[in-house]
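There are 2 protein chains.
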Amino acid sequence: MNEQQQGKGQGTRGGGKGDAFVTAITSQGEDYSRWYLDVVLRAELADYTPGLKGCMTIRPYGYAIWERIQQLLDARLKATGHVNAYFPLFIPESLLMKEAEHVEGFAPEVAWVTHGGKEKLEERLAIRPTSEVIIGTMYAKWLQSWRDLPILINQWANIVRWEKVTRPFLRTTEFLWQEGHTVHETEPEAEEETLKILGVYKEFVETELAMPVIEGRKSDAEKFAGAAKTYSIEALMGDGRALQAGTSHNLGQNFAKAFEIKFQGRDKVEQHAWTTSWGVSTRLIGGLIMVHGDDSGLVLPPNIAPYQVVIVPIPRGDWRETVLPHAQAIKEQLVAAGVRVMLDDRDAYTPGWKFAEWEMRGVPVRLEIGPKDIEKQQVVLARRDTREKQFVPMDGLSVYVQGWLTDIQATLLARATQVREERTHYTESYDEFKTLMAGARPGFVYAPWCDDADVEARVKTETQATIRNYPFVAPSAEGKTCFVTGRPATVMACFAKAY
Amino acid sequence: MNEQQQGKGQGTRGGGKGDAFVTAITSQGEDYSRWYLDVVLRAELADYTPGLKGCMTIRPYGYAIWERIQQLLDARLKATGHVNAYFPLFIPESLLMKEAEHVEGFAPEVAWVTHGGKEKLEERLAIRPTSEVIIGTMYAKWLQSWRDLPILINQWANIVRWEKVTRPFLRTTEFLWQEGHTVHETEPEAEEETLKILGVYKEFVETELAMPVIEGRKSDAEKFAGAAKTYSIEALMGDGRALQAGTSHNLGQNFAKAFEIKFQGRDKVEQHAWTTSWGVSTRLIGGLIMVHGDDSGLVLPPNIAPYQVVIVPIPRGDWRETVLPHAQAIKEQLVAAGVRVMLDDRDAYTPGWKFAEWEMRGVPVRLEIGPKDIEKQQVVLARRDTREKQFVPMDGLSVYVQGWLTDIQATLLARATQVREERTHYTESYDEFKTLMAGARPGFVYAPWCDDADVEARVKTETQATIRNYPFVAPSAEGKTCFVTGRPATVMACFAKAY
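In the order they appear, the protein sequences are chains Z and L.
When you line the first sequence up against the UniProt record's numbering, it's residues 1 to 499, in that order.
When you line the second sequence up against the UniProt record's numbering, it's residues 1 to 499, in that order.
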């Protein structure tokens with residue numbers, strides 16, 4: 001029944017009233033940014049909201065992807081000992097002001113509540129731009145002894161940041177995310193947690209979203225406001241720009257000191273705790289679109305696709321009596337095998353229209369069945385990723401389909417990895433760097449680096465490139481000189497133009 | 001690993017620092033309202049947030065109950081053809097003003113955002129007190145033809161209402177809920193949907209929360225601001241007061257007209273659609289506490305309990321070598337059978353302390369195991385609801401435990417139903433009505449009613465009782481006279497003092 005809503009009805013035909021047929025979208029080559037928006041709207045992932053600049057509505061098909069992300073990531077977070085909770089949406093202004101760097105980083109983006117009903121509030125309330133402050137306040141209230149540690153809590157929540165330039169999924173005034181907030185007895189334990197979560201993110205994004213990422217540490221200029229160290233995973237989009245796909249912060253004792261998160265240690269001495277925070281957001285859906293999508297629309301990895309297979313019956317003669325029952329039987333067989341299936345039995349559309357529509361929505365496998373197929377006890381399977389088409393006997397169909405789904409998942413990851421490798425460069429020359437960054441699809445550039453924030457700012461001004469992170473896996477910088485200043489390099493940095 | 005967080009560590013010992021042992025709570029007889037708050041805090045379901053009056057933090061144990069509610073209800077909503085989506089948190093003031101009754105009902109409770117960063121907004125934004133307005137706006141944008149109907153969308157979201165008097169779970173400034181919003185071609189279809197969902201709510205709440213409810217229609221005075229008809233399910237709490245546990249609204253064409261939710265009909269004529277909305281919230285957790293709880297704390301129905309069984313190993317001698325491995329094996333056996341299990345192997349607490357702690361948290365079954373039990377190949381099982389204690393052979397244990405869980409679920413529903421029956425009265429006399437309502441645990445009072453809003457207001461002023469609903473199942477009012485005015489009765493009303 002679910003499918004009735006995610007693909008059919010619900011005003012599914014186009015972004016605005018009237019365009020009742022599959023309309024072509026802008027090609028990637030013509031205008032990548034326009035292509036992205038076209039896919040978001042035409043595949044009905046999200047829509048603009050009248051009167052609310054920068055706020056998107058996540059439509060059922062887009063939200064079904066988010067539900068898959070939640071389900072698959074939540075299981076991983078619980079398996080590593082984390083539990084969920086829910087903390088208030090509001091942060092009193094005086095609390096927000098307690099951690100100086102944090103305020104400086106977030107205050108410009110905060111939405112402020114000033115009135116409740118007809119009354120003016122005594123103190124303004126910030127809508128959470130992130131929850132370290134309010135969660136830290138509660139942890140200070142709860143934490144007493146080293147025996148209470150570690151505290152490993154996550155929350156799934158909405159977040160508001162007043163952004164000037166917005167783009168659906170990638171940067172919106174309101175977005176959805178999970179934010180983990182943990183408290184530890186010692187610094188090494190906090191660091192271990194920070195890196196453990198980064199590893200969970202990398203494994204999750206690569207396994208389920210088929211999106212290869214580079215793990216590494218952020219430069220000081222790019223780290224989270226208030227963090228001691230920030231780590232990130234960075235993915236490469238189809239246009240050669242990078243997307244920060246997740247971050248994990250070791251907050252040191254900064255927040256513990258600002259919010260008095262203290263405990264009595266094993267030595268009976270009261271001391272400040274060590275905290276971390278980490279998150280991924282609906283931004284991942286933007287990443288999915290740009291890593292795998294093509295000129296026909298979305299291409300979804302089977303693990304994350306709301307529907308893995310769409311069945312399109314071919315309407316010949318009295319097909320509702322002859323073809324449809326077979327299509328339904330196949331659907332039941334696939335569902336029983338654990339496959340997520342959509343049977344598109346709408347009368348109002350032709351098979352060709354449906355093919356284009358479900359390609360736009362990125363369904364990994366299309367299954368066609370008509371009267372002749374039934375005679376021959378076969379169906380037609382078509383892959384969204386390679387466009388391969390094949391006759392397959394009905395006997396043993398679900399095993400065959402599952403094999404395809406596994407192969408599509410692996411193919412998408414391999415393809416995205418190959419594209420990234422092709423667009424990953426190494427240079428020791430700033431001139432070459434500038435040429436690379438001025439290219440059509442610039443990609444990642446690794447370069448030996450002197451770790452100087454002023455020089456970093458200059459590179460950004462001159463080339464729009466930023467340091468994505470200092471990758472864990474990279475050529476050694478030892479003995480090299482910085483590609484900009486010629487000073488001794490201390491680290492290998494990965495640069496890119498970023499979303 | 002999950003259990004490490006929901007029961008152990010996390011500053012689990014008491015509401016404030018220092019009270020490191022299980023402390024007694026106020027008894028229900030002494031002060032029911034205080035008892036309720038004691039259970040909320042001591043069972044670590046929720047906590048107050050410093051500086052945020054009326055905002056609660058839902059702690060991991062309370063949130064795990066909400067996750068169970070979400071999971072079990074979401075499956076029912078999907079099985080009846082609904083899908084999830086996510087709409088913006090904000091509603092521009094001009095949009096909110098479009099449906100007159102709705103504004104009048106909600107404007108006094110709205111929190112207003114006036115600033116984004118340092119800039120004053122051109123138009124104030126309401127934080128959603130409910131989402132008819134913003135969702136209706138999107139539906140107007142999407143809906144074109146009768147072929148797009150019905151639209152059956154639900155969202156899980158946070159809601160803000162500026163309440164003057166608050167109480168954790170029952171009435172808080174921010175709360176969590178699901179809100180369904182549907183659009184239909186005809187009035188009968190909208191009415192059918194409204195009643196279908198009411199039925200889903202009743203079945204869900206009775207089956208999973210073991211909370212018997214009365215289905216019925218609200219009086220005009222009590223209906224949702226902007227609705228044509230409101231239906232509710234009403235439960236009776238341990239103190240004889242009623243709790244509205246869920247509502248389902250037939251909105252007629254009120255919102256369709258205010259927000260121009262129109263479509264081209266089968267007759268090619270453009271027409272306004274018929275809409276519904278419906279929701280249940282974290283309030284259900286408050287209901288759970290008050291329907292089943294006792295002077296030892298929470299009593300959770302097994303279907304909704306984060307842990308259905310807590311295993312407490314008895315620490316004799318080198319119990320970590322002798323007893324613990326058996327406890328772990330039993331845990332694994334139960335988990336494999338689909339039981340949610342917590343093994344409390346903490347050293348710092350005695351078995352007696354653990355017994356009291358897990359009683360406070362309402363775990364349905366306690367399993368004790370010590371060296372003598374291992375010799376005899378048995379364990380001790382203790383029920384939270386009846387306090388029955390029994391030796392049970394290890395052989396076939398998980399089948400036995402599952403039998404107990406089924407029985408506890410049924411027993412809790414039966415017990416709550418019996419209590420409700422005992423506290424349900426029928427009267428045709430206003431004097432008797434006043435006496436009943438002045439009693440210690442007043443309960444439900446059915447009475448023949450003239451359906452007059454002015455008289456309804458008078459009854460409320462004089463007795464604090466309100467009409468909970470006009471129950472679907474009730475004695476006929478035909479030929480009766482109204483218990484207040486003596487005028488001919490038109491309907492049988494169910495009155496109660498309510499939360």
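Since the hints were made in silico from the structure, they are not lab data.
Don't take every hint at face value.
Repeated chains share a single entry, so a pair holds when one copy, or any two copies, can fit it.
Within a straight-line C-alpha distance of at most 30 angstroms, the following computed DSSO-like cross-link-like pairs (lysine-lysine) qualify [unchecked claim]: (1) Lys118 <-> Lys229; (2) Lys262 <-> Lys434; (3) Lys223 <-> Lys120; (4) Lys78 <-> Lys164.
It should be emphasised that the depicted structure is a prediction, and the values quoted were computed from it without experimental measurement.
Enumerate the violated hints, using their earlier numbering and listing them in ascending order.
The structure conflicts with hints 2, 4, although it agrees with all the remaining ones.
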